[in-house]
Amino acid sequence: MPSLPRKKRSWRNALIATTSLSVLAILADLLWAAGWPEWAFAVAFLGVWTLISVSWANVDFNEESSLMMAEIVDSNFRDLHDRLD
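With numbering that gives the first Met the number 0, letter number 78 in the sequence shown gets 77, and the count goes up by one each step, no holes.
There could be a bad hint or two in this list.
[Claimed, not checked] Here are the in silico distance ranges between beta carbons for each label pair:
1. LEU66 x ALA41: 26 to 32 angstroms
2. SER65 x ILE25: 21 to 27 angstroms
3. ARG77 x TRP31: 15 to 21 angstroms
4. GLU63 x GLU37: 33 to 39 angstroms
5. ASN12 x GLU37: 25 to 31 angstroms
6. ASP28 x ILE71: 17 to 23 angstroms
7. VAL47 x LEU83: 14 to 20 angstroms
8. TRP31 x GLU63: 21 to 27 angstroms
9. GLU63 x TRP35: 34 to 40 angstroms
10. PHE76 x GLU37: 27 to 33 angstroms
11. GLU70 x GLU37: 17 to 23 angstroms
12. ARG11 x PHE44: 20 to 26 angstroms
13. ALA33 x MET67: 23 to 29 angstroms
Treat the hints as calculated values from the structure; they're not laboratory data. For each residue, glycine too, the CB sits at the ideal point set by N, CA and C.
Input sequences plus hints: build the corresponding full structure.
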C-alpha cells in the first residue's frame, strides 16, 4: 500500500475508527438484545475508548475537524437507530 500524506492518514484512521465504532455499536445492541448487558457495555466502552484514543493521537485534529468527526459519529448513530427501529 502506498504511503499517504500525514493529513490523509489521520483522516483515514479517524474514518476507520468511526466505522469500527458503528460496528461495535451494532454488536453491543445485539449483545444487549441477547440478554448480555455486561458484554454490551464492555463492547461499547471499548469502541468509544478506542475512538477517543485514535482521535487524540493525531495531532492534525483541531476544533473544526473534531466537530466534523462528531457529526459523522452522530450521523452513524442516527442511521443505526433508524435501522434497528
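The hints, checked one at a time:
1. LEU66 and ALA41 have their C-beta atoms about 29 angstroms apart, which keeps the hinted 26 to 32 angstroms range intact.
2. At roughly 24 angstroms, the beta-carbon separation of SER65 and ILE25 lies within the given 21 to 27 angstroms, and the hint holds.
3. A hinted range of 15 to 21 angstroms for the beta carbons of ARG77 and TRP31 is consistent with their spacing of about 18 angstroms.
4. Checked against the given bound of 33 to 39 angstroms, the beta carbons of GLU63 and GLU37, roughly 38 angstroms apart, stay inside it.
5. Roughly 29 angstroms separates the CB atoms of ASN12 and GLU37, a value that falls within the hinted 25 to 31 angstroms.
6. Restraint check, ASP28 to ILE71: a C-beta distance of roughly 19 angstroms satisfies the suggested window 17 to 23 angstroms.
7. VAL47 and LEU83 have their C-beta atoms about 18 angstroms apart, which keeps the hinted 14 to 20 angstroms range intact.
8. Judged by the Cβ atoms, the range 21 to 27 angstroms given for TRP31 and GLU63 is violated: they are separated by roughly 34 angstroms.
9. Checked against the given bound of 34 to 40 angstroms, the beta carbons of GLU63 and TRP35, roughly 39 angstroms apart, stay inside it.
10. About 21 angstroms separates the C-beta atoms of PHE76 and GLU37, a value inconsistent with the hinted range of 27 to 33 angstroms.
11. A C-beta distance of roughly 31 angstroms is found between GLU70 and GLU37, which places it outside the suggested range of 17 to 23 angstroms.
12. Checked against the hint of 20 to 26 angstroms, the pair ARG11 and PHE44 passes, with Cβ atoms roughly 24 angstroms apart.
13. Against the hinted window of 23 to 29 angstroms, the Cβ-Cβ separation of ALA33 and MET67 comes to about 34 angstroms, which falls outside the hint.
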